[in-house]
Amino acid sequence: METDPLVRDYLGRLEAAAWMLPGDRRRELGEEVHEHIDAALAAAGRQDEVAVRNVLERLGRPEEIIAAEVGPGGPPNPTQAPDPADPARRSMGGVEIIALLLLTIGAIFLPLIGPLIGLVFVWSSSYWTRNQKLVATVIVAVLLLITIAGLAVGSGSAAQPQTTRSM
Amino acid sequence: MVPSETRNTLTELRRGVLEFCVLATVRAEESYAFEMVRVLSAAGELVTSEGTIYPLLSRLRRDDLVTTTWRESDAGPPRRYYRITDAGRRALATFGDDWARFRDAVDDLLDGKTPGGTGDGD
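Those protein sequence lines, which keep their order, are chains A and B. Numbering-wise, the working numbering comes out as the position in the first sequence, counting from 1, plus 7. Numbering-wise, the working numbering comes out as the position in the second sequence, counting from 1, plus 14.
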């Protein structure tokens, strides 16, 4: 169906008024309203300017629709889809404290093994996000490699860095 | 001429009850937004700006008071059908009780009846 200029203008105003909504919801709302207009025009059985104006008037001003979406007092938090990577905000428990101890002073009392066990605890906890866990893992891995390299050098063995050749 | 204050009062009243009226339109069977708007408009006084039903439906969906399914329609694009959930039924039942007490209290006062006992503390 060819979009009436009045309808296009209306939808443009709606989109402009919806700037603060998350992109997904802004698109969805625009589609819903567009379909509503199409359905209303189909029900009216005519597409002329009078029919279009009536349909748009019954819809209400775009700003009103967005105000209903946003609610009094600004954009509501629930508008944003819950972030699956963001675990429920709670305080640290035993697992998290053990993980932190193993990762820090664990490296002194249980060299090499301590931080590795700490990582197991880190990954079993839902306190940190996946990215935070990855960062912790990379740090421990790098420190372990440095330690092992240092031990190799210290023990006097030929610690030639293993270079990988491109060909 | 309708004083503007009366209009504002109606707007305020609508704001509080509309979501339950929307829930009531799908209590018996599932429906789609355009049809729900038609029912609400036919009831009178409930909807002034039809477009505001979409934010409301989105909120009901987010609060798990309704679930949605896309269905083919006889004519036109597929439609999103709304169905009430158990939580939606509970919310509607609670509102029904609250509304009855609220309505009776207001009616009594407006009719000039003196309340028999304490208004809300039974």
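Do not take every clue at face value.
[Claimed, not checked] So the derived label-pair ranges between C-beta atoms look like this: (1) A:Gly19 - B:Asp77: 56 to 62 Å; (2) A:Asn61 - B:Thr25: 17 to 23 Å; (3) A:Leu141 - B:Leu27: 21 to 27 Å; (4) A:Asn61 - B:Ala119: 35 to 41 Å; (5) A:Ala49 - B:Arg75: 46 to 52 Å; (6) B:Asp112 - A:Met27: 30 to 36 Å; (7) B:Ser55 - A:Asp55: 19 to 25 Å; (8) A:Trp26 - B:Leu124: 20 to 26 Å.
Please keep in mind that the hints were generated in silico from the structure rather than gathered at the bench. Predicted, not measured: the structure shown is a model, and the values here were computed from it. Each residue gets a CB set at the ideal place from its N, CA and C atoms; glycine is no exception.
Hints, verified against the model:
{"no.": "1", "hint": "A:Gly19 - B:Asp77: 56 to 62 Å", "verdict": "violated (30 Å)"}
{"no.": "2", "hint": "A:Asn61 - B:Thr25: 17 to 23 Å", "verdict": "holds (21 Å)"}
{"no.": "3", "hint": "A:Leu141 - B:Leu27: 21 to 27 Å", "verdict": "violated (53 Å)"}
{"no.": "4", "hint": "A:Asn61 - B:Ala119: 35 to 41 Å", "verdict": "holds (39 Å)"}
{"no.": "5", "hint": "A:Ala49 - B:Arg75: 46 to 52 Å", "verdict": "violated (25 Å)"}
{"no.": "6", "hint": "B:Asp112 - A:Met27: 30 to 36 Å", "verdict": "holds (32 Å)"}
{"no.": "7", "hint": "B:Ser55 - A:Asp55: 19 to 25 Å", "verdict": "holds (22 Å)"}
{"no.": "8", "hint": "A:Trp26 - B:Leu124: 20 to 26 Å", "verdict": "violated (43 Å)"}
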